[in-house]
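Using the sequences and the hints given, assemble the complete structure.
As you go down the protein sequences, you meet chains A and B in turn.
Quick note on this note's numbering: the first sequence kicks off at 913 and runs consecutively.
Quick note on this note's numbering: the second sequence kicks off at 194 and runs consecutively.
Check before you lean on any hint, since a few could be wrong.
[As the list claims (entries may be wrong)] Between beta-carbon pairs, the in silico distance windows are:
#1 Val1497(A) / Ala206(B): 49 to 55 Å
#2 Asp324(B) / Ala1481(A): 51 to 57 Å
#3 Asp1279(A) / Ala353(B): 28 to 34 Å
#4 Ala353(B) / Asn1198(A): 33 to 39 Å
#5 Gln354(B) / Gln1063(A): 53 to 59 Å
[Unchecked claim] Derived DSSO-like pairs (lysine-lysine); straight-line CA-CA distance at most 27 Å:
#6 Lys1037(A) / Lys1510(A)
#7 Lys461(B) / Lys415(B)
#8 Lys1482(A) / Lys1517(A)
#9 Lys1210(A) / Lys1037(A)
#10 Lys448(B) / Lys305(B)
#11 Lys305(B) / Lys333(B)
#12 Lys305(B) / Lys1273(A)
#13 Lys333(B) / Lys1097(A)
#14 Lys337(B) / Lys1345(A)
#15 Lys1251(A) / Lys1263(A)
#16 Lys1345(A) / Lys333(B)
#17 Lys1273(A) / Lys427(B)
#18 Lys427(B) / Lys1263(A)
#19 Lys1273(A) / Lys1263(A)
#20 Lys1482(A) / Lys1462(A)
#21 Lys1510(A) / Lys1476(A)
#22 Lys1037(A) / Lys1482(A)
#23 Lys1264(A) / Lys1251(A)
[Unchecked claim] In silico negatives: residues of chain B with every beta carbon more than 12 Å from chain A:
#24 Ser229
#25 Val307
#26 Asp320
#27 Asp413
#28 Glu416
#29 Arg464
Keep in mind that the hints were calculated from the coordinates and are not lab data.
Ideal Cβ placement from N, Cα and C applies to all residues, glycine included.
Each chain, written out:
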Amino acid sequence: MAEYQTHEHDVLVIGAGGAGLRAAIEAAQAGASVGLICKSLLGKAHTVMAEGGVAAALANVDDRDDWKVHFADTMRGGQYLNNWRMAELHAREAPDRVRELEAWGAVFDRTDDGRILQRNFGGHKYPRLAHTGDRTGLEMIRTLQDYATYQPIDVHMECTVVSLLNDAGRVAGALAYDRERGRFKLFAAKAIVLATGGIGRAYNVTSNSWEYTGDGHALAFNAGAALQDMEFVQFHPTGMVWPPSVRGILVTEGVRGEGGILVNKDGQRFMFDDIPENYRSSTADNEEEGWRYTQGDKSARRPPELLTRDHVARAIVREVREGRGSPHGGVFLDISWIKSKLSNGPEHIRKKLPSMYHQFKQLADIDITAEPMEVGPTTHYVMGGVRVDGDTQMSSVPGLFAAGEVAAGLHGANRLGGNSLSDLLVFGQRAGKYAAEFAGRQASPRVDAGEAEALTRSALGPFGRDAGGAENPYQVQHDLQTMMQELVGIVRRGDEMQRAADALGVLKERAAKVAVTGNREYNPGWHTALDLPNLLIVSEAITRSAIERKESRGGHFRDDFPDKDPAYAKFNIVVRRGPDGDIQVAREPLTEIRADLKQIIEENK
Amino acid sequence: MAAAKSAAHDVVASGQRAAARSDSSAGDQTRSATFSVWRGAGSSGALRDYTTSVSEGMVVLDAIHQIQSESANDLAVRWNCKAGKCGSCSAEVNGQPRLMCMTRLSDLDLDKPVTVEPMRAFPLLRDLVTDVGSSFRQKKRIRKFTPRAPDAPDGTWRMAQADADRVQEFRKCIECFLCQDVCHVLRDHHLHEEFVGPRLLVHAAQLEMHPLDVLDRVTDLKESHGIGYCNITKCCTTVCPEHITITDNAIIPLKERVVDRHYDPVAKLVRLLRGKTSRPEQEQSR
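Written as structure tokens, this is what we have:
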């Protein structure tokens, strides 16, 4: 034990994006001793990249909005596979969580009468997204980070968890290493909150950073917790496609919220051609009405560019496949055209979308106030994750909580834009609160030294390996990403996914043979090697769940089963670790929705 | 309707022109280029040359990643968003403090080696990674945001967009610390304990000019944050990738407040006569 740095906390939060920070703050304010671990420096987590805004029914811009409409929108967007209790709590509590951020120093854009301004976004009936230009995520994470700076929270930066530890069936701690020196740290904790974000690095076209390797998903899975809805991966419709080195970088939905249009190479606004039945009554059927909607005309319906992300992404794939794409294999997204409607068009665009303006100017040499962008789908978010209790966010493992992207339930089959930032706040707060309560009822856990020893040896494995026949960790990761993109991407087929399942078996064997050079100090080759097992677990969970769902719904689209099947509307697909470490797939029936909530959905249809 | 249709056609023509221009500026062709990258830990190290194949649409961070996966698996580098939003990949490229993810190879002369070095004002951990912990620790010394009582009975505030704009300039800081890297007070004189540096003066400015904040940090700025060390050479402003006008909009107004408070003889006399302290309404934090 002497070789470990040891730490003991009531509540250990893993991940310091929006959800992790909010959970840590809440737990600390409840009097718990709190440790907060993050893979990067504080404030660099993926939340910082969120652009468009945080969804909350404040009703500052349209007073017809309230939590009920937000709830109904979220359920409709999720194709009713959502955990309805989470959708309810989220819609009810998001406004308070946003106002609380303002009390902590966040500066949102304002309405004319000085309140928090809200903008339109896909799938939201009313303008609902509180925002700060197009850098809302930065505003949020900095506010939380600065607030947390003054709380009694022990922050462990650039530290990565290898495994959770348990004590007689409940969570007892975690083994981690610090990136700087490569030393192992042993954490004992009465409760753990996973807030590790998503899995985007399982694909090669992604808006996600290196951190997004499904760590929390894999940690929970290995600890015996159930994962659900893993087949639902969100491909954001608008990522950059050119130049090749920036492929996948996000172009905010805010561009469309501000009036941006999608056009194919024939000059057609193709989104008008394919409006799904359940959105027809709420979608504009002509361009003029769509424009009026984006400018706040309450009598107008939304333009089809603001349909849900799953739908828009598939429409773009169709245009490209059928030969109507832009020169670099995307479609055109144009905001510059609004200068024909607004005399100060270019200035307005720079004011509303400053970071998009810079991003295109600097990386692609495109002036978005004068020219269209080229965009195509990019892996953005996973709806699936750790199966949790809707109220407390506790998983099926006592003492193990999950919040934010790593948790499943709120978004069902497809997430609405803006519902992620509010998810982080609402369920980060709840996870922190209930983790602190749980910790208060527990005696100190016992951490098994032998277990930690074995985990450490295995984590150091890649150093000992002989170069002969060894694999390069970057190459294995790259091959995994290419394979997943090709075989389990936006458009899926049973036979292709079967091939993916077989390929994963081969990749697992290769991952067991990766070797690294250099020493333990800040060695990204080693870090990449240790991330591989996590990526393999989530890739397999996605593939096996996607094979099981023989229909198309939300983020999951199958060429061989292109329609929705009502039989599949009755359950979530859940995966658990079998006795030999294998993945077991099961169908868990949805719980019956409360009558009053059902009525809200009916009234908002 | 007809007008809108023709707008969409304009989109295509303009889009194809832009794509063609982007092609020629990004360069379809690959070529080879050499990067002299700092390798080493602590106080020892040296530049080492790596040659890799590049296309000009790439940024420096792409080249570093390529070298890392091909021939230097253990090359240490920080990065996250790769889109200029997180401020992780700060380095000195050909001696210029830059975000590697926003520095296009097409803007560099690839006929000679491109040098990539860590930020020199911070202690080196390894290769391109430095210890920027001081900037996180210093933040705790700046007293926290403390709002006035809410304006409305529902606990909310009213704020004009113009007032929000003023601090949003400062709040868009991505904490890349390039400003700290070029500040000669820190880089050459190593006064990290005495002077909080431009990043944290920007932080102090957003608090001082925040429409809702009621604390007064003017005396702190003078006595514990070392604002007097800044002699407004504006190096920080020049390198800020977010184009924050650090010196003119953040530091100089703070310096003026310090001067008004502590060096204005008339005001001092008035205060003496009225018996007021120089630190009004402090310590009323919640």
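Each hint tested on the structure:
Between Val1497(A) and Ala206(B) the Cβ separation comes to about 51 Å, which falls inside the hinted range of 49 to 55 Å. The given range of 51 to 57 Å is respected by Asp324(B) and Ala1481(A), whose C-beta atoms sit roughly 53 Å from each other. Between Asp1279(A) and Ala353(B) the beta carbon distance is about 30 Å. The supplied range of 28 to 34 Å therefore holds. In this structure the supplied range 33 to 39 Å holds for Ala353(B) paired with Asn1198(A), their Cβ-Cβ distance being about 36 Å.
As the Cβ distance of Gln354(B) to Gln1063(A) is approximately 31 Å, the hint placing it in 53 to 59 Å is violated. About 18 Å separates the Cα atoms of Lys1037(A) and Lys1510(A), which keeps this hinted pair within 27 Å; it holds. Taking the CA atoms of Lys461(B) and Lys415(B), the gap is near 16 Å; set against the 27 Å cutoff, the hint holds. Only pairs whose Cα atoms come within 27 Å are accepted, and Lys1482(A) paired with Lys1517(A) is accepted, the gap being roughly 19 Å.
Of the pairs offered as hints, the one joining Lys1210(A) and Lys1037(A) holds, with about 10 Å between alpha carbons and a cut-off of 27 Å not exceeded. Taken as a hint, the Lys448(B) and Lys305(B) pair is broken in the structure, with Cα atoms around 43 Å apart against an allowance of 27 Å. For the suggested pair Lys305(B) and Lys333(B), the alpha carbons sit about 44 Å apart, so the restraint of at most 27 Å is broken. With a C-alpha separation of about 26 Å, the suggested pair Lys305(B) and Lys1273(A) falls inside the 27 Å cut-off, and the hint holds.
Taking the CA atoms of Lys333(B) and Lys1097(A), the gap is about 25 Å. The hint holds against a cut of 27 Å. Taking the CA atoms of Lys337(B) and Lys1345(A), the gap is about 23 Å. The hint holds against a cut of 27 Å. Taking the CA atoms of Lys1251(A) and Lys1263(A), the gap is about 14 Å. The hint holds against a cut of 27 Å. Between the alpha carbons of Lys1345(A) and Lys333(B) the distance comes to roughly 25 Å, so the proposed pair stays at or under 27 Å and holds.
Under the criterion of a C-alpha separation no larger than 27 Å, the hint pairing Lys1273(A) with Lys427(B) is consistent with the structure, at around 25 Å. The suggested pairing of Lys427(B) with Lys1263(A) holds, with an alpha-carbon distance near 25 Å, which does not exceed 27 Å. The suggested pairing of Lys1273(A) with Lys1263(A) holds, with an alpha-carbon distance near 15 Å, which does not exceed 27 Å. Pair hint Lys1482(A) plus Lys1462(A) holds up; C-alpha atoms about 13 Å apart against a cutoff of 27 Å.
Straight-line distance between C-alpha atoms of Lys1510(A) and Lys1476(A) comes to about 21 Å, which keeps the hinted pair within the 27 Å bound. The hinted pair formed by Lys1037(A) and Lys1482(A) meets the criterion: a straight-line CA distance of about 26 Å does not exceed 27 Å. A threshold of 27 Å between alpha carbons decides the hint, and for Lys1264(A) with Lys1251(A) the separation of about 14 Å falls inside it, so the pair holds. Chain A leaves Ser229(B) outside its interface by the beta-carbon criterion, the shortest separation being 19 Å against a cut-off of 12 Å.
For Val307(B), the requirement that its beta carbon stay farther than 12 Å from each beta carbon of chain A is met, with the minimum near 15 Å. Distance to chain A contradicts Asp320(B) as a non-interface residue, since its nearest Cβ pair spans about 7 Å, not more than 12 Å. The non-interface label for Asp413(B) is consistent with chain A: the shortest C-beta to C-beta separation is roughly 15 Å, beyond 12 Å. For Glu416(B), the shortest C-beta to C-beta distance to chain A comes to about 20 Å, beyond the 12 Å cut-off, and the non-interface label holds.
Separation of Arg464(B) from chain A is adequate, the least Cβ-Cβ distance of about 30 Å exceeding the 12 Å criterion.
Violated hints for the displayed structure, listed by number in ascending order: 5, 10, 11, 26.
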